Amino acid sequence: MATTDLRPRRPIAHLSRSAADPLTHVDWVLLGILGALSAFGLLSIYGARYQTLVSQGEDPYSFVKKQVLALAVGGTLMLALMFFDYRRLRELTWILYAATSGALLLLIPYSRAVNGTSAWFNLGPVQLQPAEFAKVTLIVTLAAVAAGGPRTSGPIPLRRFVACLAVLAVPGALTLIQPDLGTTLCYVAITMGVLLVGGGKPKHIVAVTIVGLLMATAIVGSGKLHGYQQDRLISFVADNRATTDANLQLRNSETAIGLGGLTGSGFKEGRMTNGGFVPVAESDFIFTTIAEQFGFIGASALLLLYGFLAVRLLRVAQMSGDMFGSLVATGALAYLVFQVFENVGMTMGIMPITGLPLPLVSYGGSSTVAFLALMGVVQNIHMRRYV
Amino acid sequence: MAIVVVSLFGALFSRLWYLQVMRSTRFEQTASINSLRDVQLPPMRGRILDSAGRILADNKRVLVVTVDRSAIRSTTKRTQLFERLAGALLTPVPELEARYKDAKFDQVLPLPLKEDVDEETAAFVKERYEDYPGVEVVESWQRVYRFAPYAGHILGYIGRVPADQKAEYLKLGYKLSDSVGIAGIERAYEPELRGTPGSQRIEVDAQNRFVRVVSEVPAKPGDDVQLTIDLSAQQLAEQTLQKGLTEARSRSPRNEPDKRFAAEAGSVVVQDPSNGRIVALASNPAFDPRWFVNPLPKAKFDQLFGDGRNSPLVDRAVQGEYAPGSTFKLISASAGLSSGTIGADVKIDDTGTYKAPNCTGGPDVCPTLQNAQKVANGLTDMRKAVTVSSDVYFYSLGYELFNRPGQVLQNEAKAFGFGKPSGIQLPDEHAGRIPSVESKKYLYDRKVIKEASYNPGDNMNFAVGQGITAVTPLQLANAYSAFANGGTLYTASVVQAVLVAGTPDLTYGQVDLSKATVLRAIEIKVAGKIDLPPAVRQPILDGLVGVVNNPTGTAYDVFKDFPLDQLPIAGKTGTAQDGTKEAVKDDSLFASFAPYNAPRFTVVAVLENAGFGAEAAAPVVKRIYQGLYAMLPNSPVQQATPLDPASVVAATMAPLPDVGTLLGVTGRD
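Chains as they are written, first to last, in the working numbering: chain A, 14 to 400; chain B, 43 to 711.
The shape of chain A in the complex, shown without the other chains:
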């Protein structure tokens, strides 16, 4: 026999707090995934560098400690950004965009001064990589431009479409001459994602894609690329047995992943990743470390975590109360998916080798802090979907 709850329901207005109160709408699942990814990263960084650090008589935790610091700074920034209405962020967009673009511009004379090319500023013990922060400001600025005014709807007109391309052009060009092809491609992916979801007209998108591809072919054909960039592309396109550094890196990485097998070779016991055969096994090639030491099971677990994160970002994009919020989440999603696909793909030989980190898992302060900040904004959008 069914019983009915006869107690009168309290009207929403009588709740101690408004149902729309952002604090009651924190996406705990999103936070949980970020925490899990960070922990996975710390474990892998330790495992990647343990042998070399110990054999050099150094503290095996030295990389882990720095990463913990980056996580703490990034986590604090994320929390701060959660309590700050993202719509007000829109007013600050251009300042932030100008700041990161300015930093990228300053990097040019700075690089010359430190004798060569540099993607970061050396500030005492800290290295600041402006390109990582530029990804975040690019997303927010693009979203602001593409979303238009509060009453705009429908497809993006040509004028705003071009404005979006201009927003991409500034950091894109500055990063390309660093030269950092991978990050530039990441900007392009973000822009494409925002334009697709934001309502770019198909004919505009097709046109700009054709122009882009023609330009890329022209650049590669002109031989203006740096030697190593050429190497990476050639070793990716043509799997010849030339012993270029890039080719060797790739084959060693594939070998390491293969050695991992189903269950992995064991924590800190990677024959290739702990043997010095895989370069930057704690940052750019950390996926190789994970795949060798934790095997298919561990690597799949990591990819699944990224999958969950992508689903979560997609959900925020769909649930957002306005177009701006929706596009920021879309940009973040494009950023995440492109970087994970490019980074993981390069370690397995299905993408060319670039210097893109695996978000939250690769060792690297700027990337970690910038990504957590972006997640703060996304969380903010989720929390304020009813207000």
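A portion of the hints provided could be inaccurate.
What the hints assert, rightly or not - Below, computed lysine-lysine pairings styled on DSBU-like, alpha-carbon distance capped at 30 Å:
{"no.": "1", "chain 1": "B", "residue 1": "213", "chain 2": "A", "residue 2": "78"}
{"no.": "2", "chain 1": "B", "residue 1": "397", "chain 2": "B", "residue 2": "623"}
{"no.": "3", "chain 1": "B", "residue 1": "483", "chain 2": "B", "residue 2": "389"}
{"no.": "4", "chain 1": "B", "residue 1": "217", "chain 2": "A", "residue 2": "78"}
{"no.": "5", "chain 1": "A", "residue 1": "281", "chain 2": "B", "residue 2": "143"}
{"no.": "6", "chain 1": "B", "residue 1": "462", "chain 2": "B", "residue 2": "416"}
{"no.": "7", "chain 1": "B", "residue 1": "217", "chain 2": "A", "residue 2": "79"}
{"no.": "8", "chain 1": "B", "residue 1": "389", "chain 2": "B", "residue 2": "416"}
{"no.": "9", "chain 1": "B", "residue 1": "567", "chain 2": "B", "residue 2": "462"}
{"no.": "10", "chain 1": "B", "residue 1": "213", "chain 2": "B", "residue 2": "397"}
{"no.": "11", "chain 1": "A", "residue 1": "281", "chain 2": "B", "residue 2": "389"}
{"no.": "12", "chain 1": "A", "residue 1": "79", "chain 2": "B", "residue 2": "208"}
{"no.": "13", "chain 1": "B", "residue 1": "213", "chain 2": "A", "residue 2": "79"}
Claimed, not checked - Each pair of labels, with its calculated beta carbon distance range:
{"no.": "14", "chain 1": "B", "residue 1": "116", "chain 2": "A", "residue 2": "331", "range": "56 to 64 Å"}
{"no.": "15", "chain 1": "A", "residue 1": "334", "chain 2": "B", "residue 2": "44", "range": "19 to 27 Å"}
{"no.": "16", "chain 1": "A", "residue 1": "292", "chain 2": "B", "residue 2": "363", "range": "54 to 62 Å"}
Said to hold, decoys possible - Calculated from the model, a selection of chain A residues having no Cβ within reach of chain B, i.e. all distances over 12 Å:
{"no.": "17", "residue": "53"}
{"no.": "18", "residue": "59"}
{"no.": "19", "residue": "100"}
{"no.": "20", "residue": "104"}
{"no.": "21", "residue": "114"}
{"no.": "22", "residue": "121"}
{"no.": "23", "residue": "122"}
{"no.": "24", "residue": "136"}
{"no.": "25", "residue": "178"}
{"no.": "26", "residue": "310"}
Just so you know, these hints were derived from the structure itself, not from any lab.
Predicted, not measured: the structure shown is a model, and the values here were computed from it.
For every residue, glycine included, the Cβ atom is placed at its ideal position computed from N, Cα and C.
Keeping the supplied structure of chain A fixed, place chain B upon it in accordance with the hints.
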């Protein structure tokens, strides 16, 4: 958007599945395709030079056969490989197997199987890499002791990182398979001598064949250490000591013709009293530093050092502790005169026996003590007491000093540098012991002695350098040097300077010091000053000169034929009694300096179980002076011939030019 995301992730998963699960076994086989390997480039160890630039410790390039550990991890593969290699390397399989199991060798780096192989062996192994998978020939440095076995105790030797110092060395970036200094200057100057290892990253193919050098950081050689030792004096001291000990073994104690002196060990110190620098430092039995150049098999080690008794590794000059016997009377005399306890001209009636007056207590507290051989010296003042070595005079002085407040004799001994290590650069220097309330209690607490309290008898024995008094031959030399130069106690030094690596050769086996760059000069350090006004110093000096010059002197007979007018010597004999008081257990000592009016050398000799001071030690010292001043011919300094690798005795020293025996006289303390 969702479709794009799903398809991208799908692509990653399928590639991962393909690489790790479907193709995984194929990768196992090709895992070593063109891999990178890091090779350490060992630095050239700094050289050790004598004061004239002779290269006592040098290096040579050697070829080492190594094997990659991955090639011998499987037992069957290893056994097969070792069986095939044993013949080529002339090394039995069990020895190779023992190396494989030896934890001292780095577990990641290639295992060295045989050091210093010749070119033919290297070529043989290299040409047959299909038969010897993983085996390589690499270049390394090996220590060469050009003038071995001389100066072995000073140079020390090298070996693998000792187990108890593992942590410290690893912290400094060493590998467990690295050679480090274990003793002597090799150990004391390890940081300077080591140099900085370089590294090379090479690419090798699946067959482990070298493809190319990817990057290289060259090794930086270690700095050279220049000693204060003069090899010609060192050789003379070692040869003379050896001869003195050999001769002593054929002699019997007086009145005991059926016994023979054991004389199995001894040491000699030759020092410059004007700055404390050591000219020669000999210890016997000696060892050959070349024994340790390659890892010493355990069987050979046991054969060499099995029972630990009379170990040749002990540097008796700085680690041997002896009762100084009458050589200590210099310090007692100085204490007595400086404190005003006795006047230089006060005469004591030496009846041959002494019993402390007004002393209450049993024979342990107030013993009745005698001169050696119970001779009566009659009325004796300070000069005569030193010259004839009157024990009664010094027993009396020891008793007087006991009754004065302030531990006068103990403080004087400290001022002369006894009771603590002198601070010479050689490791593990011993401190000796000054008899005192504290040191007696220390020994009593450790159940070495049965009586805890410090009695008049202890101070009486202390005054003649007996009882629980213990000094090292180096401390004795330091004290005599301080007296010789008028009261400055220098910190003994065996190192003159650290030189920047790369000083060119002057001749084969000797560098051109005029082209050397001094990295760090070792400054002469003053450890303390002793107040020796003429009223104190002169009577003692007169007594010491009388020892060799006066017909009543204990060493007069030894120096009878010595041209004392050309080289005036001041010295003192000493005979240290064993607890058993058996004559055959007497240690023979002689401490001296010359020329006494402008001292250039302090020479001290200690011969264990060799009889009276004038019997064994004084003739050794005399022969050293004769060699130093070329009164008798010296054997030329020559580079060593190669050592038989199986040898368990030190390479024979060149004998002293044969000019008869080192005639000693017996019966004089």
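Hint check:
1. B:213 - A:78: Distance ~20 Å between residue 213 (chain B) and residue 78 (chain A) Cα, so the pair holds.
2. B:397 - B:623: 19 Å, holds
3. B:483 - B:389: Violated, at roughly 35 Å.
4. B:217 - A:78: Holds, because 26 Å separates the two Cα atoms, which is no more than 30 Å.
5. A:281 - B:143: 23 Å, holds
6. B:462 - B:416: 34 Å, violated
7. B:217 - A:79: Given pair residue 217 (chain B), residue 79 (chain A) holds - Cα atoms ~27 Å apart, limit 30 Å.
8. B:389 - B:416: Cα-Cα ~19 Å, so holds.
9. B:567 - B:462: Since the Cα atoms of residue 567 (chain B) and residue 462 (chain B) sit roughly 16 Å apart, the hinted pair holds (cutoff 30 Å).
10. B:213 - B:397: 61 Å, violated
11. A:281 - B:389: Distance ~84 Å between residue 281 (chain A) and residue 389 (chain B) Cα, so the pair is violated.
12. A:79 - B:208: 29 Å, holds
13. B:213 - A:79: 22 Å, holds
14. B:116 - A:331: 56 to 64 Å: 58 Å, holds
15. A:334 - B:44: 19 to 27 Å: 21 Å, holds
16. A:292 - B:363: 54 to 62 Å: Holds - the Cβ-Cβ distance for residue 292 (chain A) and residue 363 (chain B), about 59 Å, lies within 54 to 62 Å.
17. 53: 16 Å, holds
18. 59: 19 Å, holds
19. 100: 23 Å, holds
20. 104: 28 Å, holds
21. 114: Given that every Cβ of chain B is farther than 12 Å from that of residue 114 (chain A), nearest at about 27 Å, it holds.
22. 121: Holds, because the least Cβ-Cβ distance between residue 121 (chain A) and chain B comes to about 29 Å, which exceeds 12 Å.
23. 122: 30 Å, holds
24. 136: 28 Å, holds
25. 178: 20 Å, holds
26. 310: 9 Å, violated
Checked against the numbered hints given earlier, the structure breaks hints 3, 6, 10, 11 and 26 and satisfies all the rest.
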